[in-house]
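Work out the full structure, taking the sequences as your base and the hints as a guide.
Number of protein chains: 4
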Amino acid sequence: MSTARTDAEVRVVVWNEGVHEERNHPEWIRDIYPAGLHGAIAEGLSEHLPQARVRTATLASTPDHGLTEEVLADTDVLLWWGHAAHEQVDDAVVERVHRHVLGGMGFIGLHSAHYSKVFTRLMGTTCSLAWRNEGERELVWATDPSHPIARGVANPVVIEKQEMYGEPFGIPNPDEVVFLSTFAGGEVFRSGVTYRRGQGRVFYFSPGDQEYPVYHHPEVRKVLANGVLWAHQPGLERLTGDELGCTNPPRRF
Amino acid sequence: MSTARTDAEVRVVVWNEGVHEERNHPEWIRDIYPAGLHGAIAEGLSEHLPQARVRTATLASTPDHGLTEEVLADTDVLLWWGHAAHEQVDDAVVERVHRHVLGGMGFIGLHSAHYSKVFTRLMGTTCSLAWRNEGERELVWATDPSHPIARGVANPVVIEKQEMYGEPFGIPNPDEVVFLSTFAGGEVFRSGVTYRRGQGRVFYFSPGDQEYPVYHHPEVRKVLANGVLWAHQPGLERLTGDELGCTNPPRRF
Amino acid sequence: MSTARTDAEVRVVVWNEGVHEERNHPEWIRDIYPAGLHGAIAEGLSEHLPQARVRTATLASTPDHGLTEEVLADTDVLLWWGHAAHEQVDDAVVERVHRHVLGGMGFIGLHSAHYSKVFTRLMGTTCSLAWRNEGERELVWATDPSHPIARGVANPVVIEKQEMYGEPFGIPNPDEVVFLSTFAGGEVFRSGVTYRRGQGRVFYFSPGDQEYPVYHHPEVRKVLANGVLWAHQPGLERLTGDELGCTNPPRRF
Amino acid sequence: MSTARTDAEVRVVVWNEGVHEERNHPEWIRDIYPAGLHGAIAEGLSEHLPQARVRTATLASTPDHGLTEEVLADTDVLLWWGHAAHEQVDDAVVERVHRHVLGGMGFIGLHSAHYSKVFTRLMGTTCSLAWRNEGERELVWATDPSHPIARGVANPVVIEKQEMYGEPFGIPNPDEVVFLSTFAGGEVFRSGVTYRRGQGRVFYFSPGDQEYPVYHHPEVRKVLANGVLWAHQPGLERLTGDELGCTNPPRRF
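Those sequence lines, one after another, are chains A, B, C and D.
The numbering used here numbers the first residue of the first sequence as 1 and each following residue consecutively.
The numbering used here numbers the first residue of the second sequence as 1 and each following residue consecutively.
The numbering used here numbers the first residue of the third sequence as 1 and each following residue consecutively.
The numbering used here numbers the first residue of the fourth sequence as 1 and each following residue consecutively.
Heads up, a few of these hints could be off.
Chain copies aren't distinguished; within one or between two, either way the pair holds.
Pairs of lysine to aspartate or glutamate residues, derived as DMTMM-like cross-links and limited to a Cα-Cα distance of at most 25 Å, are as follows [what the hints assert, rightly or not]:
1) 222 x 237
2) 161 x 7
3) 161 x 87
4) 161 x 136
5) 161 x 74
6) 161 x 43
7) 222 x 69
8) 222 x 31
9) 161 x 31
10) 222 x 160
11) 161 x 47
What the hints contain is simulated information worked out from the structure, not anything from laboratory work.
The structure is reproduced here in structure tokens:
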């Protein structure tokens, strides 16, 4: 018996386009991510959430990149990694994912997913940013270490080599800024932000890249596990498309 | 010389789909809106902002529903009324308007424009609501009468007959809730809300319908004029599409 | 085993000044609240949260109005009802409660507690409002029925007789507006709002008055029980005063 | 004739406790601030806002630290610098300043004023932070360079030597985060944040210290001038204490 949220019934899908892995780009990607970026992310979640059901899917998964209506209806939290192939994601799938988020599915956008079709659609803005890939040290600071996503995480998280993502970040004013990152080159980035969109909870977390082993970092894994528990809303009645539309109630009072 | 904002250089476009007028639907629409909904809205703005340049355009305007790149680049604030023909608005025009808002053009969504392509794209959510059209009295209350959009406006604004729009309203948490409306039937609605999106300021204001002479209401006209001045950002350098993208700065520090 | 939050370990204190009860004001207060306002509130919480530990205290409780350091350190969520005797609450107790909220204790302000020393201190604003006591019908609408505090609650909650509280409500822009109330007289009020303050979660809920049996209303009781679970943060490490101060870390990077 | 805000009618008071100057602490304070911190701040404002009326006052000013009812009623924006003598500020003066901010006076808190009585009262939280005084380089980045306070300011502002202020910063979730600072030691801070409190606009800006000539920095001066214009609300009807209280309107509808 516990009053804290647990992982007992969390149903997770880690989606990765999987294109960098196919192209062996960078050349060392299979050295650091032998099971793909999605494999490393899923492994980290399973470490922290041993009872959760964690599945993966990629752009090449069939049908529908692995994101059918049935799969999404059976998913509490979807994590999304994409970079080189945003445009190849089918618009009907984007529409479906978007609808499920508004209906209550949690969504975690990872790193270059800032430019994914789903995330930009949820935000309604450019989601553009400044970037520089020189393997700089990133420090990830919590503005509120007691936030459920930051709890139990080192403050700061030290990532020895990362791509720099910097401000201005073209997003709507977040509901919460959980993490702020600084880089060796002096830049700053709102690296962990949350939004409520419809019934769904959205978390964007920028650390993580195909060139660096960031998804093996124990503290990054802890953040993502916390994010999954935060985005999961046990007991929520998920809505489908029709129920998300307008209603025309009679006068009652 | 004054330190307050004035209307001297505000360039406004009032866009209306104009379909109800064409269809004479309702039958009395030409009685209450002889110059169309856009005509009445533009008239009200010109009353309050005599030096502003107020133009109108409709779905039938050519080319591009009257919203070419040249027109938008020459517009400080765009007001949008639509209801029956959201789907007929060309996606390329929607894309263009969206880009100009993110680049700094003000946008005011009116009444049933909650479901317009531009507004839902800016919001990223369903924008659905409850509605009932029985000509109920609407009272529009300011949560903060000193807000620039509410200043000098009766509190409440009393609208004798209106369509009811009620919660839940499927929008992101607004930056500001300026107005809350109650209806004779007891419902409530966040009827005046603001957002910052990119460099642009967005205001949604729900009073106004093709069946009722709401856009002749002096207080509603005052709100819209205030809204135009609020959404206008004199001195702002408007960005175009390219400048809204990612940047790749060298290391400087 | 469930992943939802439960009441198993929630330690609650319902605080009520208890002055109206002492004065028999109104004359019928003992008819509707034989165990005091605090008694009715506590009863409702225990109905919904049978495993929670619910205690009560009043202005007359000794020492320190029942709110010693030991009691607060042993409290997860404090509910506060006050009206006639805000000024009689000892400033040292206010300071203590404020510190515990910032350290992570949940706080629920009820009705006329909008003017309590603790609530106004947490808000930093006037917290003033419009009021009229004519026993009007209040309808309490959820802006988002899936919010944890609104979940499972009738929408709207219908309260046959209540004091009217209306806008403008002099509070900071809330993190979330969970409920909006309308009154028979047409007024509107942000009747359920949430804030994060320090590590603590704050919920203000306006329905409830010494003249009406609102705290016996089943839906109001459900809201308060939901509010307690929402304000409770299982697993949070509570901070004490010293830990809330500035730190002077050495350079590490 | 311009529609942009100008400085023609801005009435500014720069308040500085003036204690470091009296104590010659640090020894070189008179070298970098011969006219006091307030003198340098006022000089910078006058450079950018030549038509503004800029006055100064200190803890030693009589009566009431120079902040009488008459002075405040004649002030549009008050800037506040304090560090060593927060406790010596008379509570009645704090109450008065607080009331004027809620009534519509702009307030700009500077650097160590995070711990001033007025600022903590407006925030309702600890306002604590991490600090280290080793003369580190601070980079001040705009999250939105088009914000009125950031407009025309170098991005980033480079301050060669400054005290480090770092997260977690114990403030409520800001309405806007305008600036984020990074430090040579890798820390991060929300160094420019805005709030609406009552009718007043509040801006906190952290750069500036008694040991470094930060208030001579041209870009810092530009930020403060922008902040003054932003916090000033021309045409606003200032409220006094009585008008900030509750109202008891009759039923009208």
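We went through each hint and held it up to the structure:
1. 222 x 237: between (27 Å within a copy, 18 Å between copies)
2. 161 x 7: neither (31 Å within a copy, 44 Å between copies)
3. 161 x 87: So residue 161 and residue 87 fail the 25 Å test inside a copy (28 Å) and across (46 Å) alike.
4. 161 x 136: So residue 161 and residue 136 pass the 25 Å test inside a copy (5 Å) and across (23 Å) alike.
5. 161 x 74: Neither: 36 Å inside a copy, 44 Å across copies.
6. 161 x 43: For residue 161 and residue 43, only the intra-copy Cα distance (21 Å) is at most 25 Å; the inter-copy one is 44 Å.
7. 222 x 69: neither (29 Å within a copy, 34 Å between copies)
8. 222 x 31: Within one copy only: 22 Å inside a chain, 50 Å across chains, cut-off 25 Å.
9. 161 x 31: within (16 Å within a copy, 43 Å between copies)
10. 222 x 160: Within one copy only: 17 Å inside a chain, 36 Å across chains, cut-off 25 Å.
11. 161 x 47: This pair counts as within: shortest intra-copy Cα distance 23 Å, inter-copy 44 Å.
Hints 2, 3, 5, 7 from the earlier list are contradicted by this structure; the remaining hints agree with it.
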